[in-house]
Amino acid sequence: MIVLYLMIPISLALGIGFVGAFVWSVRNGQMDDTETPAHRILED
Amino acid sequence: MAEIKAARFNDYSFLDQDDFRRAYSNRGRIRFYVDGISCGKCVRKIEDLALTVKGLEDLRVDLASHTAEAQVDPNHLEFSELANHIQRLGFNPIPLKPEDSAEQLQRLSDRHELIRLAVAAACAGNIMTFSFATYLGASADFASVFSWLSFALYLPVVFYVAIPFYRGAWYSLARKQISIDLPMAVASFSGFIFSTIELIRGKGDIYFDSLSGFLFLILLSRYAQRRLQRRFIRPEELSETLQLSRVRQVNESGWSWTRTENTRIGERILLQAKETLPADAELISSTAHFSLAWLSGESRPKTFLRGAIVPAGALLINGEAQLAIRKPLLDTSFGKILKSVEEQSVGGTRIANLADRSAQWLLATVFTLAIVFLVGYWAVSPEEAVRRALALIILACPCAMAFGTPLALAASLKKARKKGLIVRNADVFEKAASVKTIFFDKTGTLTDSDLTLTTPLSQIALVHQKVILALENESLHPIAFAFRRAFNEEHSLPPVDGWRESVGLGVSGFVYGKFYEVKRNSKPGTQVSCTLFEDGQPILDCVFSSILKPGSRAALDTLRGEGIQVALLSGDAKEVTENIGAQLGFTQTEILYECCPAVKATEVARTPHAMMVGDGVNDSLAMLRADVGVAVSGGMATALKAADVYLANPSLEGIQALIRISREGMALIRRNLAISVLYNLIGGSLAVMGFINPFVAALLMPISSAFILLSTYIAERRP
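If you're matching them up, the sequences are chains A and B in order.
Per the working numbering, the very first residue in the first sequence carries number 1; after that it's consecutive.
Per the working numbering, the very first residue in the second sequence carries number 1; after that it's consecutive.
So here's chain A without its partners, still in its complex pose (with noise of 0.2 angstroms):
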């Protein structure tokens, strides 16, 4: 079980870098608009 020690410290870490990548994403506009590239996608 010691292994936890290691895995929890590391899954901690993904945690927060798929945060931090949501805001970079967030802070970048790509949530702004979420209706138009559905309909965008379809139309091409």
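These aren't lab readings, by the way, just hints derived from the structure by calculation.
Where is the CB? At the ideal position from N, CA and C, for every residue including glycine.
The reader is advised that the hints may include incorrect statements.
[As the list claims (entries may be wrong)] Partner residues are not named here, just some residues of chain B that face chain A (Cβ under 7 angstroms, in silico):
#	residue
1	G40
2	V43
3	D62
4	L63
5	R111
6	L114
7	I115
8	A118
9	A122
[Claimed, not checked] Reference excerpt, derived from the structure (chain A facing chain B, CB under 7 angstroms, subset only):
#	residue
10	G15
11	V19
12	F22
13	V23
14	V26
15	M31
16	D33
17	E35
18	T36
19	H39
20	L42
Guided by the hints, dock chain B onto chain A, whose structure is given.
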């Protein structure tokens, strides 16, 4: 259709002048509000311009706000050319001023909420995993590590995620009210303190998982509601969408575009067809026909002669007119209407909605109970008193309630959108559910504003077209306008001798030596038609599309059947209004004719539980004063300035749907509330009796949320 027709007249050359360019664009970027974008096809059509138009570097359409933003290389493309390109696709672009700071703030706050939600999800998810490991029997060493990890992960929750709740609680206290945010704030903070003390003392009453879980759920449901409420471009100033900010100023070499605010009294301006006059002005041309629908509500055009003062807001029907400015827009009665509409739509007070009010009751009860219990049990055991009182607050914390209402509203918004109803604010549902009287505007709402000739042109010989045009040339009857629109106006018209117009019947006169008459047929039914007579012999029938909008009668009858009072308001004359009213089954007392916008507004305002269904522009004032304002036509941005709901599909069935959706939505909110009251009763008694520990709380809270979700889901599935 009317908008597209009008678009043909739009002249965008003003966009290329320096003063306008400065006002509307920023380093080659320009935004348009594009009326008529409704689907992916439109997006594609417009965005494809970037492939073919030289100098257009980028063009992005935002479907939700109906805007298109372009990046233009000024060396190769003028803004006016871009606007004309969009216009040629059949849309009506209106240039928008660049975002102001308030709007930027709004967008930033949207983004912040999303980030907050993401942090809440990540923390709550991880905390739950750690605490469940503890509940399921992790060894003491690990349990302690997991608890401390939960503590660490709860820190961002209590100090970042929960901030909106603290703020909401503070605002509500400042207004001496209890809002749903208050117990959330108290629970998340006192729960944090209590759990931390327990953690340090090595005890087990740690509520981090439940607390972060419900904070996340509530943020999620609030975000869903916010996302589903139509996101708009900034509430456009009406004067902007009516394009009153620019005017053609007459000078030696013809005319040039000028900003209206720079014009002076006495200066001459030129107005073209379908343009709105931005000032009170004296007519210099010999005659001109204006529609004063904005001011009087009457749709029939009025003729002005040289020297007459034409009021601001008058819409030039056809041709061109030169005028001299007498009074600037802000001092005119039209300017005052615009201003009051703008002020009221910004400063409207929000009425606390049903859920808030019932929630206040429940909250007050829970808090009183908790305090009474705390005081009463203090003598028995202070520690146990605090523990149970806190368990009561955390558990009874209106999780289910705070979560059930936004979810129900989101479901209603979704349903409304499927029916083509664009709802500005979910508060509308509560008010629409209790509507008792619906006022309808006549023109443009129950009837079409324009008649359209439906007889194919191929069936009407060219010579007859000329005769009809010559006879109808002077007439201002809607039929005459329909003919002028249908036939090519470029004909050189033959002269007419002995011309006569009998009002409401028709016109007659000698053309090419023969006696012609165009007579209105008084056949029953809703179709309008007229017949051309040559020397007394009928030779040609012309049929126009029906005046009544299809389905109006059926929709009205359904509403009557549901016990809703309907009434007809019109600026038109008595006979016209009564004629239409009779066809739609209105009784004498339900018809009000010759009312100007102010009278309509007063009438609506003094009726409780009133809904006003009207035209996007003419009825703005009445729509604002009504409990619920519904716009059926006019540009969406303009309409939603004053109305709460916009019917994208201009059929009155939408009204029925709105009322049904609202009633169902309210029923759902009540059901969700009932579930949460029941849950609170059970949970509250358990908490007071001391049966609640973190594990039970962690089990109970998802159960109640699951019930609410299920109840909402079932209601949403119902068509």
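Checklist entry - Are A:T36 and chain B close enough, Cβ to Cβ, to be under 7 angstroms, as the hint says? => result OK, holds: A:T36 within 7 angstroms of chain B, min 4 angstroms.
Item to check | Status of the A:E35 interface restraint (C-beta, 7 angstroms, chain B) | outcome: holds (5 angstroms)
Checklist entry - Would the hint on B:R111 stand, with a C-beta cut-off of 7 angstroms toward chain A? => result holds (5 angstroms)
Checklist entry - Taking the least C-beta to C-beta distance, is B:G40 closer than 7 angstroms to chain A? => result Status holds, d = 3 angstroms.
Next on the checklist: Would the hint on B:V43 be counted as holding, given a Cβ-Cβ threshold of 7 angstroms to chain A?
Outcome noted: holds (5 angstroms)
Item to check | Status of the A:D33 interface restraint (C-beta, 7 angstroms, chain B) | outcome: Status holds, d = 5 angstroms.
Next on the checklist: Quick check on B:A122 please, does its C-beta sit within 7 angstroms of some C-beta on chain A?
Outcome noted: holds (5 angstroms)
Checklist entry - Does the interface hint hold: is A:V23 within less than 7 angstroms of chain B, judged Cβ to Cβ? => result Holds, because the Cβ-Cβ distance from A:V23 to chain B comes to roughly 5 angstroms (cut-off 7 angstroms).
Item to check | Closest C-beta approach of A:H39 to chain B relative to 7 angstroms, hint status | outcome: holds (3 angstroms)
Next on the checklist: Hint validation: A:L42 versus chain B, beta carbon distance must be below 7 angstroms. Holds or violated?
Outcome noted: Since the shortest Cβ distance to chain B is 5 angstroms, the answer is holds.
Next on the checklist: Next item in the hint list is B:L63. Is there a CB on chain A closer than 7 angstroms to its CB?
Outcome noted: holds (4 angstroms)
Next on the checklist: Would the hint on A:M31 be counted as holding, given a Cβ-Cβ threshold of 7 angstroms to chain B?
Outcome noted: This interface hint holds because 6 angstroms falls under the 7 angstroms limit.
In terms of the numbered hints stated before, the structure departs from none.
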